[in-house]
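Engineer: This is what each chain is made of:
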Amino acid sequence: MGVFSEFSLSVRVFLRAYRWRRIDPVPWAPLEKPLAECRLALVSSAGFVSRDQQPFDESVRGGDVTFRRISNDVDVADLIDTHRSESFDHTGLSRDPNVAFPLDRVRELAESGRLGSLAPTHLSLMGSITAPGRLVRDTAPEAANALLHDSVDVALLVPV
Amino acid sequence: MCNQAVGLVAAELERKGISTVAIQLLREVAQRVQPPRALFVPFPHGYPLDAPGEPGRQHAVLEAALCLLEARAATPPVLVDFEPVGDG
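Going line by line, the protein sequences match chains H and Y. Numbering follows my numbering, in which position 3 of the first sequence is assigned residue number 9; successive positions increment by one, without gaps. Numbering follows my numbering, in which position 32 of the second sequence is assigned residue number 104; successive positions increment by one, without gaps.
Among these hints, one or two may not hold up.
Said to hold, decoys possible - In silico EDC-like cross-links for lysine to aspartate or glutamate, where the CA-CA straight-line distance does not exceed 20 Å:
(1) Lys88/Y to Glu117/H
(2) Lys39/H to Asp95/H
(3) Lys88/Y to Asp81/H
(4) Lys88/Y to Asp30/H
(5) Lys88/Y to Glu12/H
(6) Lys88/Y to Asp156/H
Said to hold, decoys possible - Label pairs and their calculated CB-CB ranges:
(7) Glu142/Y to Ser56/H: 16 to 24 Å
(8) Val66/H to Gln103/Y: 37 to 45 Å
(9) Leu15/H to Gln103/Y: 33 to 41 Å
In short, the hints are calculated from the structure, not lab data. Every residue, glycine too, gets a C-beta built ideally from N, C-alpha and C.
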């Protein structure tokens, strides 16, 4: 189960004391057409990079808030897990990146007609961001603009 | 932290008119952060789409997420529990 008790004592103490960023008011963009006509992008915080990209930087205080654009054409087996957290089991991600970056699965949904199409690029972040100020101020608007540029209608966000 | 990060990005996407659904692995964090549309999955960290090498189980999670996007009568924030079928 995804519960605090999964973590070490020190991590649990940190999480209990942490001041989570509350989204208020909660924005809402209702779906305006059938999914079969929508273009979908993946946004994963599992820290994956393509073989030609820089890994995420675990030395950045408060967390690395950059993102990588992952081509829709990439071979999922070529995605590299560069997430810095030792608080979860990386075995599944290494065996099958679709567990947190389900590119093969959404390709199948587009082929079956459940989805209209996929974005030419998807987004990858590394979610160990304890100080999310720059994420909210800079990264999220840049991510939104990148997806809008690609005419994305819907996004599936996947933490790890 | 991953749960919060995707929730905060989802909020900005919604502000810009992109409909989102965010998988969440920690119910307590989802309740505090309030991503606009969230599917809580009962899987360990590292396994948001359930099991590696199991396309059917991964599709079950994805379909539940897509159904949240299609629930037109919903009001934000939406937090729904994913219920695995079979031995999930």
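Engineer: Are the hints correct? Go through all of them and say.
Structural biologist: Verification of the hints:
1. In summary, the hint linking lysine 88/Y to glutamate 117/H is not supported, as the alpha carbons are separated by about 27 Å, beyond the 20 Å threshold.
2. A threshold of 20 Å between alpha carbons decides the hint, and for lysine 39/H with aspartate 95/H the separation of about 38 Å lies outside it, so the pair is violated.
3. Distance restraint check for lysine 88/Y and aspartate 81/H: the Cα-Cα separation of roughly 30 Å exceeds the 20 Å cut-off, and the hinted pair is therefore not satisfied.
4. Of the supplied pair hints, the one linking lysine 88/Y and aspartate 30/H holds, its CA atoms being roughly 16 Å apart against a limit of 20 Å.
5. In summary, the hint linking lysine 88/Y to glutamate 12/H is not supported, as the alpha carbons are separated by about 35 Å, beyond the 20 Å threshold.
6. Pair hint lysine 88/Y plus aspartate 156/H holds up; C-alpha atoms about 13 Å apart against a cutoff of 20 Å.
7. A beta carbon spacing of about 31 Å between glutamate 142/Y and serine 56/H contradicts the range 16 to 24 Å that was offered as a hint.
8. One distance hint, 37 to 45 Å for the beta-carbon pair valine 66/H and glutamine 103/Y, is violated here, with the actual separation near 28 Å.
9. Between leucine 15/H and glutamine 103/Y the beta carbon distance is about 23 Å. The supplied range of 33 to 41 Å is therefore violated.
When each numbered hint is compared with the structure, violations occur for hints 1, 2, 3, 5, 7, 8, 9.
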